[in-house]
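Colleague: One letter stands for each residue in the lines below.
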Amino acid sequence: MEVGWWGVLIAVLGGAIRIGTPFLFVSLGECLTEKSGRINLGLEGTLVMGAMTGYAISLHSGSPWLGVLCAGLAGAVLGALHSWLCSYQRVNDIAVGIAMMLFGTGLAFFLGKPYIQPSAPRLPSIDLGGWSNVPQLTAALQINALFLIGIVVAITLGWILKNTSWGLKVRVVGESADAARALGLPVDRIRILSTAQGGFLAGIGGSYLSLYYPFNWSEGLSSGQGLMAVALVIFARWQPLACLWVSLLWGGAAALGPSLQSVGITYGYYIFNAIPYIMTLAVMIITCSPRRSLVGVPHELTVTR
Amino acid sequence: MAASRKLTRRQVLKGTAAAGALGMLGGLDWVGQVWGAQDKVKMGFIFVGPRDDYGYNQAHFEGKSAVAKLDWVKAFDEEKVPETIEVQKTMESMIKLDGAQVLFPTSFGYFDPHILKVAPQFPNILFLHCGGLYQEGKHPKNVGSYFGYIDEAQYVAGIVAGGMTKSGKLGFVAAKPIPQVLRNINNYTLGARSIRPNCTTNVIFTGDWSLPVREAEATNSLVDQGIDVITCHVDSPKVVMTTAEKRGIYCTGYHCNQAKLAPRGYLTGAEWNWAKIYMDYADMIRKGQKVPNLVRGGLKEGLVRVADYNKVVTDSVRKQADAAKAKFMSGAMIVYKGPIKDNTGRDVIPAGKQYVQTDIWLESMDWLVEGVIGSTKS
Chain L
58 MEVGWWGVLI
68 AVLGGAIRIG
78 TPFLFVSLGE
88 CLTEKSGRIN
98 LGLEGTLVMG
108 AMTGYAISLH
118 SGSPWLGVLC
128 AGLAGAVLGA
138 LHSWLCSYQR
148 VNDIAVGIAM
158 MLFGTGLAFF
168 LGKPYIQPSA
178 PRLPSIDLGG
188 WSNVPQLTAA
198 LQINALFLIG
208 IVVAITLGWI
218 LKNTSWGLKV
228 RVVGESADAA
238 RALGLPVDRI
248 RILSTAQGGF
258 LAGIGGSYLS
268 LYYPFNWSEG
278 LSSGQGLMAV
288 ALVIFARWQP
298 LACLWVSLLW
308 GGAAALGPSL
318 QSVGITYGYY
328 IFNAIPYIMT
338 LAVMIITCSP
348 RRSLVGVPHE
358 LTVTR
Chain G
24 MAASRKLTRR
34 QVLKGTAAAG
44 ALGMLGGLDW
54 VGQVWGAQDK
64 VKMGFIFVGP
74 RDDYGYNQAH
84 FEGKSAVAKL
94 DWVKAFDEEK
104 VPETIEVQKT
114 MESMIKLDGA
124 QVLFPTSFGY
134 FDPHILKVAP
144 QFPNILFLHC
154 GGLYQEGKHP
164 KNVGSYFGYI
174 DEAQYVAGIV
184 AGGMTKSGKL
194 GFVAAKPIPQ
204 VLRNINNYTL
214 GARSIRPNCT
224 TNVIFTGDWS
234 LPVREAEATN
244 SLVDQGIDVI
254 TCHVDSPKVV
264 MTTAEKRGIY
274 CTGYHCNQAK
284 LAPRGYLTGA
294 EWNWAKIYMD
304 YADMIRKGQK
314 VPNLVRGGLK
324 EGLVRVADYN
334 KVVTDSVRKQ
344 ADAAKAKFMS
354 GAMIVYKGPI
364 KDNTGRDVIP
374 AGKQYVQTDI
384 WLESMDWLVE
394 GVIGSTKS
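Sequences listed follow chains L and G, in order. Here my numbering is used: the first sequence runs in plain steps of one and ends on residue 362. Here my numbering is used: the second sequence runs in plain steps of one and ends on residue 401.
Hints are computed from structural coordinates only; laboratory data are not their basis. Wrong hints could be hidden among the right ones.
Stated by the list, open to error - Pairs of lysine to aspartate or glutamate residues, derived as EDC-like cross-links and limited to a Cα-Cα distance of at most 16 Å, are as follows:
{"id": "1", "chain 1": "G", "residue 1": "Lys192", "chain 2": "L", "residue 2": "Glu59"}
{"id": "2", "chain 1": "G", "residue 1": "Lys348", "chain 2": "G", "residue 2": "Asp331"}
{"id": "3", "chain 1": "G", "residue 1": "Lys103", "chain 2": "L", "residue 2": "Glu276"}
{"id": "4", "chain 1": "L", "residue 1": "Lys170", "chain 2": "G", "residue 2": "Asp331"}
{"id": "5", "chain 1": "G", "residue 1": "Lys299", "chain 2": "G", "residue 2": "Glu324"}
{"id": "6", "chain 1": "L", "residue 1": "Lys170", "chain 2": "G", "residue 2": "Glu101"}
{"id": "7", "chain 1": "G", "residue 1": "Lys269", "chain 2": "L", "residue 2": "Asp184"}
{"id": "8", "chain 1": "L", "residue 1": "Lys170", "chain 2": "G", "residue 2": "Glu324"}
{"id": "9", "chain 1": "G", "residue 1": "Lys189", "chain 2": "L", "residue 2": "Glu59"}
{"id": "10", "chain 1": "G", "residue 1": "Lys400", "chain 2": "G", "residue 2": "Asp231"}
Isolated chain L (complex conformation) (with noise of 0.2 Å):
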């Protein structure tokens, strides 16, 4: 069927969920994390760890679930690892991110060598698009669990950091480490624990990538999402439910480019290929002002302190 030019708007449909899916799991992660008072910088080194973890499971057990599982374990521990580092007193959070950003590649580079070239079971689809006699249009809405599972997560998370006592003490210590030691919280803990689990989701997010779209693993796969996702974290201003709208967001415009070209739109695709960063870079002169401080910021965050 003929679609011209619905075409693109098809592809950035599917595109905002295809590529929007490991942005929406690597930024609820750096959302936690963030929220108790730590960047974590090595998420981009926890994504190829996860997508080489999933992938390499997924081909020995011939269970692509149990990959996406081991997937965010593999992230967790670099989490909690990062967070042990950064509990010692004067140790930078930046500083060990890129290490562990560096430590994270460079590992699952050295241990994926053998995964290039074989094939791993790929993770199931579902049909949402069965409805439709248009076949571009279910193409596009055949989308993974995975997104539906951010959905919830997303969700979830922005009502367990609101509404439940584990939530209150996450964002007590993201906003001053004094008062929560003065209430008497662990806050190293506390911090290891939210910076674990926000490993954990971003392992998923790199599972996601080499287990369903663009299902492959190869060195090139990442290509600094991890990195894009701490950026998206601060365009989403801390809130778990902002951040599954700005991934499907930048999933989109990320889909623009090569769709554009699809019907003749030939000049300019550096350009259409950089809308993404465009757009991040518009909306925070956007919404910056001298007379207010940014809404929702955790204050222990070293970048504002």
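Dock chain G against chain L, hints included.
Modeller: Frame of chain L; chain G shown alone:
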């Protein structure tokens, strides 16, 4: 930092001294005379990506592995060497620590400035670059280049694609609009249009050699627009092939064989056969012959090949593809024979004019042939 700078200066001095000494001996003739023939031929290979990427680097690594099997050759390689000062360090260490006599830096971006900087320091080492950048007279004498006319194999693959498409729309995921890529796109399209004149090829440039997510997106967008055969020119075709297979369309491969990734839809593919050229080089060096600075070749010379056809390819399509292959093998095929228009309507090759495969004019191609939907402008 200071230490490494000191070392470099010393290297430069050494290099110039050696060049002077050799120059006095009269002429900078080749390594075969410098090294005794009884020693093993030591060959160093440098790859920009992983050895097993189902693509460009794997094709070279397969060539290296073939030559390494010879008992009179010692071959070593390093993978994932970026196109920066890193490759200069790798070249130096391969020469000094491994005793390489000949280096094969295989990536396009290694040439300028990296090979051009290191080569003059080691005048009796051969630097053979894969690509079309070497120019006689302009570049050092111990530098050379080799490349295969893989576009010949793309022409044959284009015939298969043109014969198997139902919609008459082909797709091409390309990295950057450089001459070698454009030549592949044009040959693919000309091949397809030779048996189906109204066929079109829709091109998407991703902007870089390895961007798996964008390559998958490009493939999906093309399928949405109704293309039903796809090929690519990126470092690792893996993602394009698996995505095409998932969307249920045909694909033709590139670099090396990806039939395993898409058993249902992989029609054929354009592949390198570097083993041939590396064997030839090793042989020339062992025998002490002068290594030519420029080596080119296509299907006839065995530098490239067409992958086996999938069983779904019909007999009549096979016949037409095989006929074109035979013409390439006999040297009778001339792809760029006027009249040829580009896709803006300009006459690029007027009627009566023709460019044979070896014509250097074709190596600076900056246009897309009629029938291609896409633009070389970024």
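Colleague: Please go over all the hints and tell whether each is borne out by the structure.
Modeller: A quick look at each hint next to the structure:
1. G/Lys192 with L/Glu59: At roughly 12 Å apart (the allowed maximum being 16 Å), glutamate 59 of chain L and lysine 192 of chain G satisfy the hint.
2. G/Lys348 with G/Asp331: It holds: about 13 Å lies between the C-alpha atoms, which stays within 16 Å.
3. G/Lys103 with L/Glu276: Given that 16 Å is the threshold and the Cα spacing comes to 10 Å, the pair holds.
4. L/Lys170 with G/Asp331: violated, 28 Å
5. G/Lys299 with G/Glu324: Within the cut-off at roughly 9 Å; holds.
6. L/Lys170 with G/Glu101: Holds. Lysine 170 of chain L to glutamate 101 of chain G sits at ~14 Å (cutoff 16 Å).
7. G/Lys269 with L/Asp184: holds, 14 Å
8. L/Lys170 with G/Glu324: violated, 34 Å
9. G/Lys189 with L/Glu59: holds, 14 Å
10. G/Lys400 with G/Asp231: Distance of about 15 Å is within 16 Å: holds.
In this structure, the earlier hints numbered 4 and 8 are contradicted, and the remaining ones agree with it.
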